[in-house]
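Q: Chain by chain, the residues:
2 protein chains.
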Amino acid sequence: MRWVRFTAGGRTAYGILEGERIAEVAGDPFRGYTPTATVHALAAVKLEVPVVPPTFYCCGLNYADHIYQMAAKIGREAKLPAKPDVGYRANNALIAHDEAVVIPADASPLVQYEGELVVVIGKRAKHLTPETAFACVLGYTIGNDVSERTWQKSDATLWRAKNADTFKPMGPWIETDLDLDAAQTIVRVNGRETTRFRTNNMIFGIADYLVAITRYMTLYPGDIVWMGTDGLPPNIAAGDTVEVEIIGIGTLRNPFVTERRA
Amino acid sequence: MRWVRFTAGGRTAYGILEGERIAEVAGDPFRGYTPTATVHALAAVKLEVPVVPPTFYCCGLNYADHIYQMAAKIGREAKLPAKPDVGYRANNALIAHDEAVVIPADASPLVQYEGELVVVIGKRAKHLTPETAFACVLGYTIGNDVSERTWQKSDATLWRAKNADTFKPMGPWIETDLDLDAAQTIVRVNGRETTRFRTNNMIFGIADYLVAITRYMTLYPGDIVWMGTDGLPPNIAAGDTVEVEIIGIGTLRNPFVTERRA
Numbered sequence: 001m002r003w004v005r006f007t008a009g010g011r012t013a014y015g016i017l018e019g020e021r022i023a024e025v026a027g028d029p030f031r032g033y034t035p036t037a038t039v040h041a042l043a044a045v046k047l048e049v050p051v052v053p054p055t056f057y058c059c060g061l062n063y064a065d066h067i068y069q070m071a072a073k074i075g076r077e078a079k080l081p082a083k084p085d086v087g088y089r090a091n092n093a094l095i096a097h098d099e100a101v102v103i104p105a106d107a108s109p110l111v112q113y114e115g116e117l118v119v120v121i122g123k124r125a126k127h128l129t130p131e132t133a134f135a136c137v138l139g140y141t142i143g144n145d146v147s148e149r150t151w152q153k154s155d156a157t158l159w160r161a162k163n164a165d166t167f168k169p170m171g172p173w174i175e176t177d178l179d180l181d182a183a184q185t186i187v188r189v190n191g192r193e194t195t196r197f198r199t200n201n202m203i204f205g206i207a208d209y210l211v212a213i214t215r216y217m218t219l220y221p222g223d224i225v226w227m228g229t230d231g232l233p234p235n236i237a238a239g240d241t242v243e244v245e246i247i248g249i250g251t252l253r254n255p256f257v258t259e260r261r262a
Numbered sequence: 001m002r003w004v005r006f007t008a009g010g011r012t013a014y015g016i017l018e019g020e021r022i023a024e025v026a027g028d029p030f031r032g033y034t035p036t037a038t039v040h041a042l043a044a045v046k047l048e049v050p051v052v053p054p055t056f057y058c059c060g061l062n063y064a065d066h067i068y069q070m071a072a073k074i075g076r077e078a079k080l081p082a083k084p085d086v087g088y089r090a091n092n093a094l095i096a097h098d099e100a101v102v103i104p105a106d107a108s109p110l111v112q113y114e115g116e117l118v119v120v121i122g123k124r125a126k127h128l129t130p131e132t133a134f135a136c137v138l139g140y141t142i143g144n145d146v147s148e149r150t151w152q153k154s155d156a157t158l159w160r161a162k163n164a165d166t167f168k169p170m171g172p173w174i175e176t177d178l179d180l181d182a183a184q185t186i187v188r189v190n191g192r193e194t195t196r197f198r199t200n201n202m203i204f205g206i207a208d209y210l211v212a213i214t215r216y217m218t219l220y221p222g223d224i225v226w227m228g229t230d231g232l233p234p235n236i237a238a239g240d241t242v243e244v245e246i247i248g249i250g251t252l253r254n255p256f257v258t259e260r261r262a
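Protein chains in written order, with the numbering used here: chain A, 1 to 262; chain B, 1 to 262.
Bound-form chain A, shown alone (with noise of 0.2 angstroms):
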């Protein structure tokens, strides 16, 4: 199943979709729905970002191959994460499906994307054991953990390398039934693909994270945990677009623009 958040008509709701369709509820699938009769073409409305989250964790870094050739990059010495600490962005800069990012007017030409599948809550949950830590899972979705290198070298926090308006494009919708085995994580820039791994090869797997964090934290409906990337991204600049596909969810596209400022 396949849940929409969109606007139309100066609303914004939930749906599923089902193909080009969107089935309109009242209510949300974290608190509770009900069927509506209303119907959208998908074509008709705008998408909105699938949910905003009371906490938006994120696994930095969580492939090997990324891990490798970012130190190779660097010239540092490649060291693999331990054990599965877990992260925060901002709310601030999520946008949607469609929506542009936008690069600050400061920013270095060291713009570039990342990849991520993102996992949903769906139920409150506190103490899961890895038996028990899909339960409150309600879906999938695509984030893109837009970076700026320079400034994520130079602060003492991610707070504008990864955190700027618009930097966290996350869509196009929340799928519930996901092959996660199957998956593979394909990004391509104005058409050309650039990247391309299996989504589930993570060093710390998502019930490792759903673990680790409920023996500390509750969870609750609609929080996000963004699942970490791999490979080496190219530079991004004003004018390209990039297109985040996994395989069983659908693809999050935005385009890059640069600050005007007065």
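Be careful, since some hints might not be right.
No copy is singled out in the list; a pair is fine if it fits within one copy or between any two copies.
[Stated by the list, open to error] Distance condition first, Cα-Cα at most 30 angstroms in a straight line; then the derived BS3-like pairs of lysine-lysine:
#1 K83 x K123
#2 K126 x K46
#3 K83 x K126
#4 K153 x K126
#5 K73 x K126
#6 K153 x K46
#7 K123 x K73
#8 K46 x K83
#9 K123 x K79
#10 K46 x K73
#11 K46 x K79
Derived from the structure by calculation, the hints contain no laboratory data.
Given the coordinates of chain A, assemble chain B onto it according to the supplied hints.
A: Here is chain B on its own, set in the frame of chain A:
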């Protein structure tokens, strides 16, 4: 003016505190409100966290003595921050005045308080200047940035060290009229004063942070910025009660207990 968020009769609402009485409003201080005829005794309601923010910002190291004393304690060179790099905390950790901080079962004895001024954003803002920065501020409340120091040192991020459930007491209310330069932050453990500092004796002030943040991020109504702490706090154990008072705002009080696992 003091804004309280409270629950009475199973309903959560905002109100304006006048002495020991709360004048309930319809709506909230962020999106707008109208008075109601309902009045509550402060002692008869349950205080709630004054706001659950869209984004939860924090200033890490922002008082010189805290940095010097922490560095001396662990035998490292003190390094003052060169610019106001902001960080993040997580909503799952928020608790209200009088609620218990639950120390996780596997925490070390190095659990410590950090008494902090909290800036509450009232209006959407981007590209603030030093002159306009305070126009987006609704008011101020108090935070206790509870920290587990072994995890703070061992983990790749501050996730469980500072964001375990209940590690972010905040309240008791939002004060809109605060003389920042007259404010002092005083922390008491079981009634005994253990920390006192001038609240506004920051390395980077509130305007510095709001200008820096809004160069890249939009601040939204309800966002909060925790301004950091001074001094070197002692360890807190189950059974202790910590009060953080900021003169001109009020007192945030929380007992500490230990997690019980089945």
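Q: All hints, please: hold or fail.
A: Structure-based check of all given hints:
no.	hint	verdict
1	K83 x K123	within (25 angstroms within a copy, 40 angstroms between copies)
2	K126 x K46	between (35 angstroms within a copy, 25 angstroms between copies)
3	K83 x K126	within (19 angstroms within a copy, 37 angstroms between copies)
4	K153 x K126	between (34 angstroms within a copy, 24 angstroms between copies)
5	K73 x K126	neither (39 angstroms within a copy, 35 angstroms between copies)
6	K153 x K46	neither (36 angstroms within a copy, 45 angstroms between copies)
7	K123 x K73	neither (41 angstroms within a copy, 43 angstroms between copies)
8	K46 x K83	neither (40 angstroms within a copy, 39 angstroms between copies)
9	K123 x K79	neither (34 angstroms within a copy, 43 angstroms between copies)
10	K46 x K73	neither (40 angstroms within a copy, 55 angstroms between copies)
11	K46 x K79	neither (42 angstroms within a copy, 48 angstroms between copies)
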